[in-house]
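S.K.: Line by line, the protein sequences give chains A and B. Counting in my numbering, the first sequence tops out at residue 178, every number present. Counting in my numbering, the second sequence tops out at residue 178, every number present.
Among the hints, erroneous ones may be present.
Here are the computed lysine-lysine pairs in the DSS-like style, where the Cα-Cα straight-line distance is at most 25 Å [to be verified]: (1) Lys27(B) to Lys27(A); (2) Lys27(A) to Lys46(B); (3) Lys20(A) to Lys46(B); (4) Lys46(A) to Lys20(B).
According to the in silico footprint, chain A covers these stretches of chain B (three or more CB under 8 Å from chain A) [unchecked claim]: (5) 17 to 29; (6) 127 to 136.
Not everything, but these chain B residues come out facing chain A in the computed CB check (under 8 Å) [as the list claims (entries may be wrong)]: (7) Arg38; (8) Arg64; (9) Val99; (10) Gly120; (11) Val139.
In short, the hints are calculated from the structure, not lab data. Glycine included, each C-beta is placed from N, C-alpha and C at the ideal position.
2 protein chains.
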Amino acid sequence: MAEKVAGPEIEKLVQLLAKLPGLGPRSARRAALHLIRKREELLAPLAEAMRVAQERIVVCSICGNIDTSDPCTICRDARRDGSILVVVETVADLWALERAGLLNARYHVLGGVLSPLDGVGPDDLAIASLVRACSQCNGRWTDDCALHRRCAVAVRREGDASRPRRAGRW
Amino acid sequence: MAEKVAGPEIEKLVQLLAKLPGLGPRSARRAALHLIRKREELLAPLAEAMRVAQERIVVCSICGNIDTSDPCTICRDARRDGSILVVVETVADLWALERAGLLNARYHVLGGVLSPLDGVGPDDLAIASLVRACSQCNGRWTDDCALHRRCAVAVRREGDASRPRRAGRW
Chain A
9 MAEKVAGPEI EKLVQLLAKL PGLGPRSARR AALHLIRKRE ELLAPLAEAM RVAQERIVVC
69 SICGNIDTSD PCTICRDARR DGSILVVVET VADLWALERA GLLNARYHVL GGVLSPLDGV
129 GPDDLAIASL VRACSQCNGR WTDDCALHRR CAVAVRREGD ASRPRRAGRW
Chain B
9 MAEKVAGPEI EKLVQLLAKL PGLGPRSARR AALHLIRKRE ELLAPLAEAM RVAQERIVVC
69 SICGNIDTSD PCTICRDARR DGSILVVVET VADLWALERA GLLNARYHVL GGVLSPLDGV
129 GPDDLAIASL VRACSQCNGR WTDDCALHRR CAVAVRREGD ASRPRRAGRW
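Based on the sequences and whatever the hints tell you, model everything.
M.R.: Next comes the structure, spelled out in structure tokens:
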């Protein structure tokens, strides 16, 4: 009885699919079979979409979102209200807020939260670019600085320490 | 507020991932983000594995298994006991039985079960090739025909009608 039920190419596909969140070894095998059965409708387009993603996706230099353009689609959107900056932990949070469709704002992706136990300090997060994004008036906060006056922070409870604080501003 | 949170390339990737069994729209988005974060370790190898699968995977002309070679790995395995033919509904069943590792047999994939309500008749299943696989003695069943005398049928209960019957043989 062979340990491998198929050639190494299929086993490799199954193993890689099993690394996706939401898929375990069994569901990865089902997914591989489904892909192979739907070769023209799904396997070929998905392989092509992955190739494009691999080649073209970049991190937005302004907000930290990921997109195929820099600045990203959101940062290039002139209809966005630039006076609201929503600070999120990850790109997934940004996407979730966008899907909810409640905000007409700009974002800043921290890339994590402060977690001394895990060895994550301020230098590991996108704090410097956040300060730059907020400090539009030559780095000084003045009463005339309307931009980014309101700043929502959408991070998990563990991220309380990550919330940027500035007297009377947050 | 844009309906699309990212460029069309990422949205396309998410939509295609959502078509995999086990992934819904939300988990597909998580999977896409995970792939993009792990570009070198996961996205690139998975895209390549899919390309290889798309180009090289074929259906075994003997048993109906899928593999990158025809005959498939199992049919080419000389250590298999050719006197046992396990008839299964799908390739997924074949793989599940192989993973269990209890059988040293050959297989035949029916490709479904008889289901008049769904319009699936004998002509839609791999019955002819099953008869060929079983009828090794010029299509006649004789007492000397040792090959494929034992035939296990591993199909769902709905597939009872699909079970091949031949007086005293099954």
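S.K.: Now, for every hint given, state plainly whether the structure supports it.
M.R.: Going down the list of hints, with the structure as the test:
Restraint check for Lys27(B) and Lys27(A): the C-alpha separation of about 17 Å stays at or below 25 Å, so the hint holds. About 10 Å separates the Cα atoms of Lys27(A) and Lys46(B), which keeps this hinted pair within 25 Å; it holds. At roughly 17 Å between alpha-carbon atoms, Lys20(A) and Lys46(B) fall within 25 Å of each other, so this suggested pair holds. The hinted pair formed by Lys46(A) and Lys20(B) meets the criterion: a straight-line CA distance of about 17 Å does not exceed 25 Å.
Note: the region 17 to 29 of chain B has 9 residues with beta-carbon separation from chain A under 8 Å; the three-residue rule is met and the coverage holds. Coverage of the region 127 to 136 of chain B by chain A is violated [criterion: at least 3 residues with CB-CB distance below 8 Å; count 0]. For Arg38(B), the shortest C-beta to C-beta distance to chain A is roughly 5 Å, which falls under 8 Å, so the interface hint holds. At its closest, the beta carbon of Arg64(B) sits 6 Å from a beta carbon of chain A; the interface hint therefore holds under the 8 Å criterion.
Against a cut-off of 8 Å between C-beta atoms, the interface hint on Val99(B) holds, since the closest Cβ of chain A lies about 6 Å away. For Gly120(B), the interface hint is violated, the least distance from its beta-carbon to any beta-carbon of chain A being 12 Å, above 8 Å. Residue-level restraint check for Val139(B) is violated (minimum Cβ-Cβ distance to chain A is 24 Å; threshold 8 Å).
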